[in-house]
Structure formats: structure tokens, C-alpha cells
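Listed here are the chains, written in short residue letters.
Protein chains: 2
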Amino acid sequence: MSTASSPKAAVVLLSGGLDSATVLAMARAEGYICHALSIDYGQRHGAELAAAARVAAAGGAATQRTVTVNLDAIGGSALTDAAIAVPAAPSVGIPITYVPARNTVFLAIALGYAEVLHAAAIFVGVNAVDYSGYPDCRPAFIDAFQALAQIATKAGVEGHAPRIMAPLLNLSKADIIRRGQALGVDYGLTVSCYNADPLGRACGRCDACRLRANGFRDAGVPDPTPYLRG
Amino acid sequence: MSTASSPKAAVVLLSGGLDSATVLAMARAEGYICHALSIDYGQRHGAELAAAARVAAAGGAATQRTVTVNLDAIGGSALTDAAIAVPAAPSVGIPITYVPARNTVFLAIALGYAEVLHAAAIFVGVNAVDYSGYPDCRPAFIDAFQALAQIATKAGVEGHAPRIMAPLLNLSKADIIRRGQALGVDYGLTVSCYNADPLGRACGRCDACRLRANGFRDAGVPDPTPYLRG
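Heads up: the sequence lines are chains A and B, in that order. Counted the way our numbering counts, the first sequence spans residues 1 to 230. Counted the way our numbering counts, the second sequence spans residues 1 to 230.
The reader is advised that the hints may include incorrect statements.
What the hints assert, rightly or not - Covered stretches of chain A (in silico footprint by chain B; criterion: 3 or more residues with CB under 8 Å from a CB of chain B, positions within the stretch not fixed):
hint, region
1, 46 to 57
2, 61 to 73
3, 149 to 162
4, 166 to 172
To be verified - To give an idea of the interface, some chain B residues facing chain A are shown, with a C-beta separation under 8 Å as derived from the structure:
hint, residue
5, Gln64
6, Leu71
7, Ala101
8, Thr104
9, Ile109
10, Lys154
11, Leu169
12, Leu171
13, Arg178
Stated by the list, open to error - Chain A is nowhere near these chain B residues, computed Cβ spacing over 12 Å in every case:
hint, residue
14, Ala29
15, Leu107
16, Gly112
17, Ala114
18, Ala144
19, Pro167
20, Asp186
21, Pro224
22, Pro226
Read the hints as simulated data drawn from the structure, not as lab findings. Please read all numbers here as calculations on a predicted model, not as lab measurements. Just so it is clear, CB atoms sit at the ideal spot from N, CA and C, and this is done for glycine as well.
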């Protein structure tokens, strides 16, 4: 592909959710040629992956690929282990929906892909404000992964490791929605719910639904989410 | 499983090759209850994975699991991209058999598994002496990943991130073989060759074969490797 060695190519981790759809729009607005990377990690909410394809197309990604990694083989989270229920009530501390080392795994795969593409940046939609208490959504995590990227790769050895870009890190959910709306993101295409049905309809009760609904309310933007109940 | 919360549990990355078989023996000798983790990453040398199961059983691993991640979807290496040939002659610089960010991906998955098991350590057979020029086989890489592990996980937040143990880091291939022989490792079960046939027979010509054969010669240990030619 002709964009493979472009200095402005970027890998954009695209889940199909609200946050990464916004990140794709922000990366495009900065002039990057965006290669969307979706990860099928055995998550319950497979509707997200269908959403990712729609969001990549609507958001102007140059390419989209999906890498499969069966994190369900190691278990440990309500999102990947069928024996653990997704809680309906808010939880204290790091919740059971935390997938051990998920963002580390995602960024590691993105780092390999960035190396293949000679990409200048990796965009990831982690957020430290409405972050559900996940340790791998904090600024210190992004800094530590950037340091690793400088060491771990051929590009890093040659002095041009990709920059890890987390433009949502310090934005509230409402700020993210306002930013995306200004950039023309169609949030009706996105799926955030941990319990979404195959059509992408949301439960309205899980942590992800609550954060999302509150974000639309606080942003004063109509919520386009299709809900299962009411 | 009763060992899940043992403070002496360890995840051992086990490829089925000579190095990781030695690491498993070293971890066992240190008293760890070893949970072998093998990664099927679309590598050409699938015979390694069959070897991993044999090595785990013979080496006293408590459990063995395989996680699949299709790094072939991002290409870029002779080991995962059928369009790129494995070179028969020694190469200069970082060779084409380098799989972008491979050890970062492997350690990331191991980090998630260690979190699920509450493991105290992750053992990995990277080696900086006979390291084939891979950037993710250097001491600085292990240090950077250790720093990341402290930040990225629930265990790290709670002050007990797993220790990243790379006991082969500064050993020559001959040293590794001597160490393993003293611990009773059966190297006849292991497969190192990038071009091994389905029975695990080695080509005798690739980088991995050369390093391995030289190691046995330098250690003064008979080479048990089954070769395809002669």
C-alpha cells in the first residue's frame, strides 16, 4: 500500500465505542492517514466489533484490520469469562469488568502494527477522568508504555518510535462528546454497552452505559443510543 | 485451582524451544509452581507449539495454556508472513525474522495471566548474548517492561506487580545448555528451527539452527537435534 511508509501514518485502536470513534476523528483532523486496528479479545460485547467496522468506514479510516487474541483463555474478567456476571450496580475499587492487562496487550499489538506500517503515531482512547477505575487508563500508564516503545522496537532503536497519543486522557465524557460532535462523529454508529445485544442495543445499566448516558446529558447532546428497555 | 493465590506461582513463557525449556527448569529449581503459557502467533514453525506441550509435561509445569494471537494479520516478518522467505545466510542488523513487538505482546499477555493467577513472577527466555539482533531481547527492554508492569495492573497498583525474570539474559547459548543439562532438561524434546517440519526436524541452516548447533558444540554436549538433511 502506498501509505505504508508515510511519516503521517497512524495506527488507531478502534473498539467501536464512543471514545475510540472520537479519537479516530481527532487523528483525521490532525492530518494522519489512519489505519484502524480492532482487537477481538473474546469480549462478551461482540456487537462492538461490528460497530468498529461501521465507525472505521464512516470516520474515514484508510484501512481496518482485526487481530484476534483469546484473552478468554486466561479468564479473570466479567467481560471475557462467562462464569463472571457483569454487575448492574456501581462497584467500589477496580471493578470485575477490568480485563487484566488489556490496554497493555492492545498497545503491544498496535506497536507491532505501527512498526510494520512505519507509522508515526498510535492513537488510543484511554481516559483518566471517567475511567471506571482501570489502572491501565492513567497518564502514568501511557508514559510507561511510551518509554517501552522507545526500547522495544526496531523503530525505537533507530530513534523514531511511534508516539503514543491519548488525546482523551484528561477529558470528561461530556467533553469527549462535544469534541466528537464538532468533528461530525455519528455516535449512533457506536456501541459502548458491556451487555449489548447482537444488534448493538444497550442495557442501560452497566458502568459503560451509565458513563455514556451521563456524558450525553452533561454535554446537552441528545443521546442516540438504542436501548433494549425503554 | 489451589495454586492460584500462591505467592510462589509463576507464569513461564514456554515456546518449546531450547531457551524456554531451560527457563522452566530454572524456575522449578527456584521453587516456583509454574504455569506454562505458550503463544500461537501464526508462526511458521508450528512444530514449536507441539514441542511446548511435551516440554511442559516433562519439565513439571503445573498447567499449560496456549493463547492465540494472529500477528500474521499485521505481517512484517519472515516468521509470520508467507510472502517473506526465511534467509539461509547470516544477515546484518535486525533480521527479517524479527517479529515486530513480539516479546512486548508475549509479556503483555503473560502480565494479564499473572494477574489472574496472582503470580509472583513471569519468566521469559530472552537472551542478549546470542540474541539474533532483536531489540526486544536486551536488558533495557526487560527493565522497561518491569516498569510498565508496576503501573499497568491491579497488582501493580496494590504494590505487588509480578517480577519479570529473564535468567538467560546474560548467558551464552553454551552456558544455557550447560545449565539446562545440569537441571535435567531433555533438549531432544525442544524445537528451535524457524523452518522445522511438522515432526520438529530442523533445517540446520537458519539463524536459530546455527545458534543452537554452535551452543551444543561450544558446551561440549552432544547435539540431540533431529535434522532434515544429514
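Each hint, compared with the structure:
1. Using a Cβ-Cβ cut-off of 8 Å, 0 residues of the region 46 to 57 of chain A lie near chain B, which falls short of the minimum of three, so the contact claim is violated.
2. Counting residues of the region 61 to 73 of chain A whose beta carbon lies closer than 8 Å to any beta carbon of chain B gives 8, which meets the minimum of three for the stated coverage.
3. Closer than 8 Å: that is the beta-carbon criterion, and the region 149 to 162 of chain A has 7 residues meeting it against chain B, so the requirement of 3 holds.
4. With 0 residues carrying a beta carbon less than 8 Å from a beta carbon of chain B, the region 166 to 172 of chain A misses the three-residue requirement, and the given coverage is violated.
5. At about 11 Å, the closest approach between the beta carbon of B/Gln64 and any beta carbon in chain A exceeds 8 Å, and the interface hint on this residue is violated.
6. At a threshold of 8 Å, the smallest CB-CB gap from B/Leu71 to chain A is about 6 Å, leaving the interface hint in force.
7. The beta carbon of B/Ala101 is positioned within 8 Å of a beta carbon in chain A (closest approach about 4 Å), and the interface hint is therefore held.
8. Against a cut-off of 8 Å between C-beta atoms, the interface hint on B/Thr104 holds, since the closest Cβ of chain A lies about 4 Å away.
9. This hint holds: B/Ile109 has a C-beta 6 Å from the nearest C-beta of chain A, less than the 8 Å allowed.
10. The beta carbon of B/Lys154 comes within 5 Å of a beta carbon in chain A, closer than 8 Å, and the hint placing it at the interface holds.
11. Taking 8 Å as the C-beta contact cut-off toward chain A, the hint placing B/Leu169 at the interface is violated, the least distance being around 14 Å.
12. Because the beta carbon of B/Leu171 sits about 21 Å from the nearest beta carbon in chain A, more than 8 Å, this interface hint is broken.
13. Proximity of B/Arg178 to chain A is violated relative to the hint, the smallest CB-CB distance being about 30 Å (cut-off 8 Å).
14. Its beta-carbon lying about 25 Å from the closest one in chain A, B/Ala29 satisfies the requirement of being farther than 12 Å from that chain.
15. Residue-level check failed: B/Leu107 sits 8 Å from the nearest beta carbon of chain A, not beyond 12 Å.
16. Its closest Cβ contact with chain A, about 4 Å, brings B/Gly112 to no more than 12 Å, contrary to its assignment away from the interface.
17. Separation of B/Ala114 from chain A is inadequate, the least Cβ-Cβ distance of about 8 Å not exceeding the 12 Å criterion.
18. Separation of B/Ala144 from chain A is inadequate, the least Cβ-Cβ distance of about 4 Å not exceeding the 12 Å criterion.
19. With a cut of 12 Å on Cβ distances, B/Pro167 stays outside the contact zone with chain A, its closest approach being about 20 Å.
20. The claim that B/Asp186 lies off the interface holds: its Cβ sits roughly 27 Å from the closest Cβ of chain A, which is beyond the 12 Å cut-off.
21. The claim that B/Pro224 is not at the interface with chain A holds, since no C-beta of that chain comes within 12 Å of its own (minimum 31 Å).
22. With a closest Cβ-Cβ approach of about 30 Å to chain A, B/Pro226 is found to remain outside the 12 Å limit, as its non-interface label requires.
Consistency with the previously given hints fails for numbers 1, 4, 5, 11, 12, 13, 15, 16, 17 and 18, ordered from lowest to highest.
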